[in-house]
Amino acid sequence: MNFWHFMVTNRQQVLDLTIEHITLVGISILFAVLLGIPLGIMITRKPQLSKLVLGSANVLQTIPALALFGFLLPMPWIGARGGRMAVLALTLYALLPLIRNTYAGIRNVDPAVVEAGRAMGLTDQQLLWQVELPLASGVIVAGIRIATVVSIGLATIAAAIGAGGLGEFIFRGLSMVHYQVILAGAVPAAVLALAADVGLGALERKLGMLYARA
Amino acid sequence: MTSSNPRPAIDIDHASFRLSGRDLVHDLTLSVRQGETLVLLGRSGSGKTTTLRLVNRLLEPTAGEVRVNGLRTTDWDPIRLRRGIGYVIQEGGLFPHFTVARNVGLVPRIENWPGERTRARVEEMLSLVGLSADLASRYPAQLSGGQRQRVGVARALAADPPILLLDEPFGALDPITRAELQKEFRALQQRLKKAVIFVTHDLHEALVLGDRVALMEEGRMIEDLPTTEFAHSTKPLVRAYVEAFSDAPERDER
Numbered sequence: 000m001n002f003w004h005f006m007v008t009n010r011q012q013v014l015d016l017t018i019e020h021i022t023l024v025g026i027s028i029l030f031a032v033l034l035g036i037p038l039g040i041m042i043t044r045k046p047q048l049s050k051l052v053l054g055s056a057n058v059l060q061t062i063p064a065l066a067l068f069g070f071l072l073p074m075p076w077i078g079a080r081g082g083r084m085a086v087l088a089l090t091l092y093a094l095l096p097l098i099r100n101t102y103a104g105i106r107n108v109d110p111a112v113v114e115a116g117r118a119m120g121l122t123d124q125q126l127l128w129q130v131e132l133p134l135a136s137g138v139i140v141a142g143i144r145i146a147t148v149v150s151i152g153l154a155t156i157a158a159a160i161g162a163g164g165l166g167e168f169i170f171r172g173l174s175m176v177h178y179q180v181i182l183a184g185a186v187p188a189a190v191l192a193l194a195a196d197v198g199l200g201a202l203e204r205k206l207g208m209l210y211a212r213a
Numbered sequence: 000m001t002s003s004n005p006r007p008a009i010d011i012d013h014a015s016f017r018l019s020g021r022d023l024v025h026d027l028t029l030s031v032r033q034g035e036t037l038v039l040l041g042r043s044g045s046g047k048t049t050t051l052r053l054v055n056r057l058l059e060p061t062a063g064e065v066r067v068n069g070l071r072t073t074d075w076d077p078i079r080l081r082r083g084i085g086y087v088i089q090e091g092g093l094f095p096h097f098t099v100a101r102n103v104g105l106v107p108r109i110e111n112w113p114g115e116r117t118r119a120r121v122e123e124m125l126s127l128v129g130l131s132a133d134l135a136s137r138y139p140a141q142l143s144g145g146q147r148q149r150v151g152v153a154r155a156l157a158a159d160p161p162i163l164l165l166d167e168p169f170g171a172l173d174p175i176t177r178a179e180l181q182k183e184f185r186a187l188q189q190r191l192k193k194a195v196i197f198v199t200h201d202l203h204e205a206l207v208l209g210d211r212v213a214l215m216e217e218g219r220m221i222e223d224l225p226t227t228e229f230a231h232s233t234k235p236l237v238r239a240y241v242e243a244f245s246d247a248p249e250r251d252e253r
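Protein sequence lines correspond, in order, to chains A and B. No gaps in the numbering here: position 158 of the first sequence is 157 in numbering that gives the first Met the number 0, and each next residue is one more. No gaps in the numbering here: position 102 of the second sequence is 101 in numbering that gives the first Met the number 0, and each next residue is one more.
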C-alpha cells in the first residue's frame, strides 16, 4: 500500500486529525498571544522585570516536551485530558518567541519617534497603540510565525498523551513499523508548517513595509 | 521684565537637572516672553536639549523650578502641558507609518477635534509651511529632508500651542534648504508670535532667528543677550564662537 493510496482511503481520518492538529495549535497560539504580547509590553514598561520574565520563558523552552507532559499529568483538571495538557504545554513553548519579539520590537522603535510622540502629549496608551505596536507589528508577527511553525511540529508529540492530532498517525506508524502511516502524519504536518510559515511570513513582510517606512 | 509682560510664558528659575552625580543643567535661569524667540546656542552636550526637555516635562528639575504660564511644570498635568507646547526635532521625528496628513493632524485628533475641522486645519498648516496639499497622502519616507522638516513644523503648530520648542530642527539639511527654512520660520514667527526656544549649535542661525541668544556650556548659562548685542559680548567663550564662525569667510578674501 503506497502513501497516496493510504491517504485517499483514509482521507476522512486524515482530515479529522489535521483539523484536530490545527485546533490544538490554534488554541495554544491564541493563548500564547494573549499572554505573551501583554507580558512583552509589560517588560518594556518595567525593564527591571525583563530578565526574570525572559529568563523564565527561556527555561520553559529547555524542558523536553515529553518530560513536560510528565510534569503536567498529575496536575488537577489539566492532567485529566490529553488535549488540555497539550494546549498548556504548547502555550508555554510558544511564550518565549512572543514575549521576546514583542519586547524587542517595541524596544527597536526609533527613540526619536517615541520622544516626539511623548512630547506632543500622547498618553502612554496612545503611544503604545498608535505608535509602538504598529511599528513593532512586523517583529511581533515574526514571533507568532516562529511560535506557530514550532508548535505544529511539537504538537505531533501530543498524541503520546492522547491529545490526538497528526501525531496519531506517526505513533501508530512507529508501533506498526509502517512508513506510509508515519508519512500520513508527517507530511500533512510539514505542509501545515510550511503554509503557516509562508502565510505569516507574507503578513510579516506586508506589515514591515507598511509600518517600517523610516 | 517690562510691566506690559508681567508673566513670561517660560520661566526657568535656578533649575538644575542632575543625572548619576553630574549636573546636565546647572543653576539655569532664563525666561521667554510670548512672541519672543530665544535661541539656545552651545556645543553638543552643553545641556541645550536637556533644557528643552525640562520645559515640556520630559524631565523634571532636580533643583529649582521651571514654570510654564506661571505654573510649575511639576504642578501641570504632563499631557495637558505638552499639548500646549509644540515640539520639533531633527528630521521632524515624524511617525513613519502615518501619512503627512495624519502626522500633522495628530494633536487635533487626540484632542478630539471634529474630523472636518482637523482636515481643514491640516490643509491650513501645510500651506502655512509652504507644502502642496498633494503631499498630504504621502508617507515621510517619500519626502525630501526639507519637506519632512516642514511637516514637523506644521505638526507642532497644528493645535496652535502658545509655546514652541525646536531642537536643531534644520541641522540635517543642506545649506540652501536650511537658509530657506530659516527665512520662512522667521516670517512665520513674526505672524504667529509664539514663545519660542530654538536650539542650535550654529551661530549664524542663532543670529538670524533669535530675538535673544543665550550661550550654554557644560550645563551653565554663559551669556544671555539681545541678538544685536550678542556678537559684541566680551565673554571669552562667545568670542571663541564668533571667531570660529568668522574664520572661513576671512580666508576666502585672501
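Since the hints were made in silico from the structure, they are not lab data. Some hints could be false.
The calculated lysine to any residue pairs, modelled on SDA-like cross-linking and capped at a C-alpha distance of 25 Å, are [stated by the list, open to error]:
1) Lys-45(A) x Pro-77(B)
2) Lys-205(A) x Ala-140(B)
3) Lys-45(A) x Ala-140(B)
4) Lys-192(B) x Gln-181(B)
5) Lys-192(B) x Phe-97(B)
6) Lys-45(A) x Gly-69(B)
7) Lys-205(A) x Pro-37(A)
8) Lys-45(A) x Leu-58(B)
9) Lys-205(A) x Ala-100(B)
10) Lys-192(B) x Arg-118(B)
11) Lys-182(B) x Pro-77(B)
12) Lys-205(A) x Ala-135(B)
13) Lys-205(A) x Lys-192(B)
14) Lys-205(A) x Phe-97(B)
15) Lys-205(A) x Leu-127(B)
16) Lys-192(B) x Ala-119(B)
17) Lys-45(A) x Phe-244(B)
18) Lys-205(A) x Ser-143(B)
19) Lys-45(A) x Thr-233(B)
20) Lys-205(A) x Leu-134(B)
21) Lys-45(A) x Leu-127(B)
22) Lys-45(A) x Gln-181(B)
23) Lys-192(B) x Leu-127(B)
Okay, the calculated beta carbon distance ranges per label pair [claimed, not checked]:
24) Ala-194(A) x Asn-111(B): 42 to 48 Å
25) Pro-75(A) x Arg-21(B): 19 to 25 Å
26) Asp-123(A) x Ala-171(B): 36 to 42 Å
27) Ser-143(B) x Leu-29(A): 40 to 46 Å
For each residue, glycine too, the CB sits at the ideal point set by N, CA and C.
Checked hints:
no.	hint	verdict
1	Lys-45(A) x Pro-77(B)	holds, 20 Å
2	Lys-205(A) x Ala-140(B)	holds, 16 Å
3	Lys-45(A) x Ala-140(B)	violated, 32 Å
4	Lys-192(B) x Gln-181(B)	holds, 16 Å
5	Lys-192(B) x Phe-97(B)	violated, 29 Å
6	Lys-45(A) x Gly-69(B)	violated, 34 Å
7	Lys-205(A) x Pro-37(A)	holds, 23 Å
8	Lys-45(A) x Leu-58(B)	holds, 18 Å
9	Lys-205(A) x Ala-100(B)	holds, 22 Å
10	Lys-192(B) x Arg-118(B)	holds, 24 Å
11	Lys-182(B) x Pro-77(B)	violated, 32 Å
12	Lys-205(A) x Ala-135(B)	holds, 22 Å
13	Lys-205(A) x Lys-192(B)	violated, 44 Å
14	Lys-205(A) x Phe-97(B)	holds, 15 Å
15	Lys-205(A) x Leu-127(B)	violated, 34 Å
16	Lys-192(B) x Ala-119(B)	holds, 22 Å
17	Lys-45(A) x Phe-244(B)	violated, 46 Å
18	Lys-205(A) x Ser-143(B)	holds, 24 Å
19	Lys-45(A) x Thr-233(B)	violated, 49 Å
20	Lys-205(A) x Leu-134(B)	holds, 23 Å
21	Lys-45(A) x Leu-127(B)	violated, 42 Å
22	Lys-45(A) x Gln-181(B)	violated, 41 Å
23	Lys-192(B) x Leu-127(B)	holds, 14 Å
24	Ala-194(A) x Asn-111(B): 42 to 48 Å	holds, 43 Å
25	Pro-75(A) x Arg-21(B): 19 to 25 Å	violated, 57 Å
26	Asp-123(A) x Ala-171(B): 36 to 42 Å	violated, 29 Å
27	Ser-143(B) x Leu-29(A): 40 to 46 Å	holds, 44 Å
The earlier numbered hints that this structure contradicts are 3, 5, 6, 11, 13, 15, 17, 19, 21, 22, 25 and 26.
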